[in-house]
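Visitor: Now for the letters of each chain:
2 protein chains.
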Amino acid sequence: MSTTRNTKNVPYYMLGFGAFSHLGELLEPKRAEGGPVFFYVDHYFQDKELAGKLPAAPGDKVFFVDTGSEPTVEFVDDLADAAKAMLNGGLPCCLVGIGGGATLDTAKAVGNLLTNPGKAEAYQGWELVKNPAVYKIGVPTLAGTGAEVSRTCVLTNMRRKLKLGMNSDYTVYDQLLLDPSLTRTVPRDQFFFTGMDTFMHCFESYRGGYRNIIVDTLSQTAITMCREIFLASGDMMREENLEKMTVASYIGGMAAGNVGVVHPLSAGLSIVLHLPHGKANCYALSVLKDIYPEEYDQFTEMMARQKVVLPRGICADLTDEQYDALYQGTIIHEKPLNNALGPDFRQILTKKRLIAMFKSM
Amino acid sequence: MSTTRNTKNVPYYMLGFGAFSHLGELLEPKRAEGGPVFFYVDHYFQDKELAGKLPAAPGDKVFFVDTGSEPTVEFVDDLADAAKAMLNGGLPCCLVGIGGGATLDTAKAVGNLLTNPGKAEAYQGWELVKNPAVYKIGVPTLAGTGAEVSRTCVLTNMRRKLKLGMNSDYTVYDQLLLDPSLTRTVPRDQFFFTGMDTFMHCFESYRGGYRNIIVDTLSQTAITMCREIFLASGDMMREENLEKMTVASYIGGMAAGNVGVVHPLSAGLSIVLHLPHGKANCYALSVLKDIYPEEYDQFTEMMARQKVVLPRGICADLTDEQYDALYQGTIIHEKPLNNALGPDFRQILTKKRLIAMFKSM
Numbered sequence: 001m002s003t004t005r006n007t008k009n010v011p012y013y014m015l016g017f018g019a020f021s022h023l024g025e026l027l028e029p030k031r032a033e034g035g036p037v038f039f040y041v042d043h044y045f046q047d048k049e050l051a052g053k054l055p056a057a058p059g060d061k062v063f064f065v066d067t068g069s070e071p072t073v074e075f076v077d078d079l080a081d082a083a084k085a086m087l088n089g090g091l092p093c094c095l096v097g098i099g100g101g102a103t104l105d106t107a108k109a110v111g112n113l114l115t116n117p118g119k120a121e122a123y124q125g126w127e128l129v130k131n132p133a134v135y136k137i138g139v140p141t142l143a144g145t146g147a148e149v150s151r152t153c154v155l156t157n158m159r160r161k162l163k164l165g166m167n168s169d170y171t172v173y174d175q176l177l178l179d180p181s182l183t184r185t186v187p188r189d190q191f192f193f194t195g196m197d198t199f200m201h202c203f204e205s206y207r208g209g210y211r212n213i214i215v216d217t218l219s220q221t222a223i224t225m226c227r228e229i230f231l232a233s234g235d236m237m238r239e240e241n242l243e244k245m246t247v248a249s250y251i252g253g254m255a256a257g258n259v260g261v262v263h264p265l266s267a268g269l270s271i272v273l274h275l276p277h278g279k280a281n282c283y284a285l286s287v288l289k290d291i292y293p294e295e296y297d298q299f300t301e302m303m304a305r306q307k308v309v310l311p312r313g314i315c316a317d318l319t320d321e322q323y324d325a326l327y328q329g330t331i332i333h334e335k336p337l338n339n340a341l342g343p344d345f346r347q348i349l350t351k352k353r354l355i356a357m358f359k360s361m
Numbered sequence: 001m002s003t004t005r006n007t008k009n010v011p012y013y014m015l016g017f018g019a020f021s022h023l024g025e026l027l028e029p030k031r032a033e034g035g036p037v038f039f040y041v042d043h044y045f046q047d048k049e050l051a052g053k054l055p056a057a058p059g060d061k062v063f064f065v066d067t068g069s070e071p072t073v074e075f076v077d078d079l080a081d082a083a084k085a086m087l088n089g090g091l092p093c094c095l096v097g098i099g100g101g102a103t104l105d106t107a108k109a110v111g112n113l114l115t116n117p118g119k120a121e122a123y124q125g126w127e128l129v130k131n132p133a134v135y136k137i138g139v140p141t142l143a144g145t146g147a148e149v150s151r152t153c154v155l156t157n158m159r160r161k162l163k164l165g166m167n168s169d170y171t172v173y174d175q176l177l178l179d180p181s182l183t184r185t186v187p188r189d190q191f192f193f194t195g196m197d198t199f200m201h202c203f204e205s206y207r208g209g210y211r212n213i214i215v216d217t218l219s220q221t222a223i224t225m226c227r228e229i230f231l232a233s234g235d236m237m238r239e240e241n242l243e244k245m246t247v248a249s250y251i252g253g254m255a256a257g258n259v260g261v262v263h264p265l266s267a268g269l270s271i272v273l274h275l276p277h278g279k280a281n282c283y284a285l286s287v288l289k290d291i292y293p294e295e296y297d298q299f300t301e302m303m304a305r306q307k308v309v310l311p312r313g314i315c316a317d318l319t320d321e322q323y324d325a326l327y328q329g330t331i332i333h334e335k336p337l338n339n340a341l342g343p344d345f346r347q348i349l350t351k352k353r354l355i356a357m358f359k360s361m
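Top line first, the protein sequences correspond to chains A and B.
Take the first sequence: its position 59, counting from 1, is numbered 59 in the working numbering, and each next residue is one higher.
Take the second sequence: its position 196, counting from 1, is numbered 196 in the working numbering, and each next residue is one higher.
Accuracy of the hints is not assured; some may be wrong.
Pairs involving identical chains hold if they fit within one copy or between any two copies, as the list cannot separate such chains.
[To be verified] Lysine-lysine pairs mimicking PhoX-like chemistry, simulated, CA-CA at most 25 Å apart:
1) LYS335 to LYS161
2) LYS84 to LYS130
3) LYS30 to LYS130
4) LYS30 to LYS53
5) LYS359 to LYS161
6) LYS352 to LYS335
7) LYS307 to LYS359
8) LYS161 to LYS352
9) LYS61 to LYS119
10) LYS30 to LYS8
11) LYS119 to LYS84
12) LYS161 to LYS119
13) LYS289 to LYS335
14) LYS289 to LYS307
It is worth saying that the hints were derived from the structure and are not from the lab.
Build the full structure now, drawing on both the sequences and the hints.
Guide: Spelled out as structure tokens, the structure:
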């Protein structure tokens, strides 16, 4: 039994179909403080109805964020520089992040960089952000990453081969609009892969060594909701399931303890093959039957019920360098691997065994 | 499916055995802003070890709060006046509420009255508090009311026969220390009755007409935890159950939707017979088998398992005026009764039926 750290909750949230329509009114008191609103919107929406419905005022800026790959430190540095160039020494009154995990994390990172000097790389780690960020509102349009509630914004640093975020209370969103209607047009596979992220990080926490009763309680709640959505209620994208997944993502994000074995393998796949996070998690679990037998069974049942297919052979015929990079990109995640497998994790997940796992995907 | 209001979370919480020992360090940054710390401590602790362990500095004040009866508007007005007299126009840097629901609510009320003019009575209602309260830290020593997370502080106004709080985001605690070790010395019956409050307000919400998915999800989580504590794990006061009840109270408080039929009957008993809230809830459920059959059965099983007894006949041999007051004190709660029973609640809970229920307690 241990005392948790002093844990920050997202201060405000509004939940429900149509919550997005309240964005304008939430911006009013911020505008009164002076300064423009900067919107960071997933480029998916660039030609969609939502882009025309942003409550933007003269002086505001809308940036469409290319989420084809996950945000790098250079990417967010460039966005912060572009923002500063437009601001002439002032600050926005508010940032609004509208999108999936990558967009939400991008806006979080920019929020920190507008009030903290230097480059994003300097803040990859824990408690390195010294000044409060710009006020920010998160509007998830994809459910499952928990980025809307987390205290980090995952950034890839290719030069240092490091996928690590700015872990800080300042990184947390100030306000959320949780509107399940924004997830209606998500392609089915994407909805599944991202929803699975909640299932994954929750069972990894629950099955790991670092436990406390908040992690356990909220993880189990989110896991139960995922089972209801993906196993027990027909189509995962029925209206009530859209709402349930939105809430499961929120609760699962609050539950985040430590991840286990799925996320390290997934990180390896993302670094080497540029697979998106949610899909990479699913590939990872597909070869971890020995380590997570129950969850493996539930996951394969969920895929069957929702008619989602993972194409085979993604790691067949790679070069030796790529197999080595997959191994290195996985095993570097010592903390979660220790959490899940104990200090002998390198003997359990040998290079030979891991490469065989990747080859069998 | 409706959009929730913009919902405030408690900004910070620390959870675990020994969390209380961190109170001093949490006060440091507030002290740096200037002004004393005022502690409002349940009088139960006046001669206990905890009183000697308060991290009080010169200039701080410790008020022992008499929680023999639930706080009235006059009571909190007097406390606010006493505080102001000591402050010479300044403000405390922080209030700390240490106790059960009555003490936690008392500190919340005083926090509002130190920054808002006039008397407590003026703020009984919704969104009447205009100015932010003094910063406040909540330390529950009894688990189940959810007062540590709620946005109200229930106050009794005998002159207006009104039991209603200051419902406001400003009423919410800024920081919680959730330390289950503080509940170790709670008398068994008290632990049961107060823990039952979580079970009650959660199933009343879940069975009521005003629903949303956050209320449903968190209510069910808290209800499940209560069943584990009181039915499925031996002694309700085992260490792990102390921790579980602390978390169930926290989550149940966040789940609070609308109450149903239990709380109105309970309010009647409190007003007329001065029964404490938790015990009054239990008496109420003991006569509501027809309305909440499953929960009635679970409750009676819980009492049997934990060897808690409700003495019979508390409403036998009352005067006609008292029976009338019990009826009036119940039926005045139109919103929850409508929530639970629909607009014909007065035909369902007739005076004759209600008085018979009270007599059978």
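Visitor: Please sort LYS30 with LYS8 into within, between, both or neither, judging by C-alpha distance up to 25 Å.
Guide: Answer is both: 22 Å inside a copy and 17 Å across each meet the 25 Å cutoff.
Visitor: With identical chains, the pair LYS119 and LYS84 could be close in the same copy or across copies; at 25 Å between alpha carbons, which is it: within, between, both, or neither?
Guide: within (13 Å within a copy, 49 Å between copies)
Visitor: Which holds for LYS30 with LYS130 at a C-alpha limit of 25 Å: within a copy, between copies, both or neither?
Guide: both (22 Å within a copy, 18 Å between copies)
Visitor: Is it within, between, both, or neither for LYS352 and LYS335, if the alpha carbons may be no more than 25 Å apart?
Guide: within (21 Å within a copy, 66 Å between copies)
Visitor: Is the C-alpha distance from LYS84 to LYS130 at most 25 Å within one copy, between copies, in both cases, or in neither?
Guide: Within one copy only: 19 Å inside a chain, 36 Å across chains, cut-off 25 Å.
Visitor: With identical chains treated as interchangeable, where does the CA-CA distance between LYS359 and LYS161 reach 25 Å or less: within a copy, between copies, both, or neither?
Guide: within (22 Å within a copy, 74 Å between copies)
Visitor: For the identical chains here, do LYS161 and LYS119 meet the 25 Å Cα criterion within one copy, between copies, both, or neither?
Guide: within (17 Å within a copy, 61 Å between copies)
Visitor: Between copies, within a copy, both or neither: which fits LYS289 and LYS335 at Cα up to 25 Å?
Guide: within (21 Å within a copy, 52 Å between copies)
Visitor: Regarding LYS307 and LYS359, is the shortest C-alpha distance of 25 Å or less found within a copy, between copies, in both, or in neither?
Guide: within (24 Å within a copy, 59 Å between copies)
Visitor: Cα distance capped at 25 Å. Does LYS30 pair with LYS53 within a copy, between copies, both, or neither?
Guide: Classified as within: same-chain Cα gap 19 Å, cross-chain 42 Å, threshold 25 Å.
Visitor: Check LYS161 against LYS352 for me: Cα-Cα at most 25 Å, and say if that holds within a copy, between copies, both or neither.
Guide: Answer is within: at 22 Å inside a copy they meet the 25 Å cutoff, but 76 Å across does not.
Visitor: With identical chains, the pair LYS61 and LYS119 could be close in the same copy or across copies; at 25 Å between alpha carbons, which is it: within, between, both, or neither?
Guide: Answer is within: at 22 Å inside a copy they meet the 25 Å cutoff, but 47 Å across does not.
Violation of the numbered hints given earlier is absent; every hint is satisfied by the structure.
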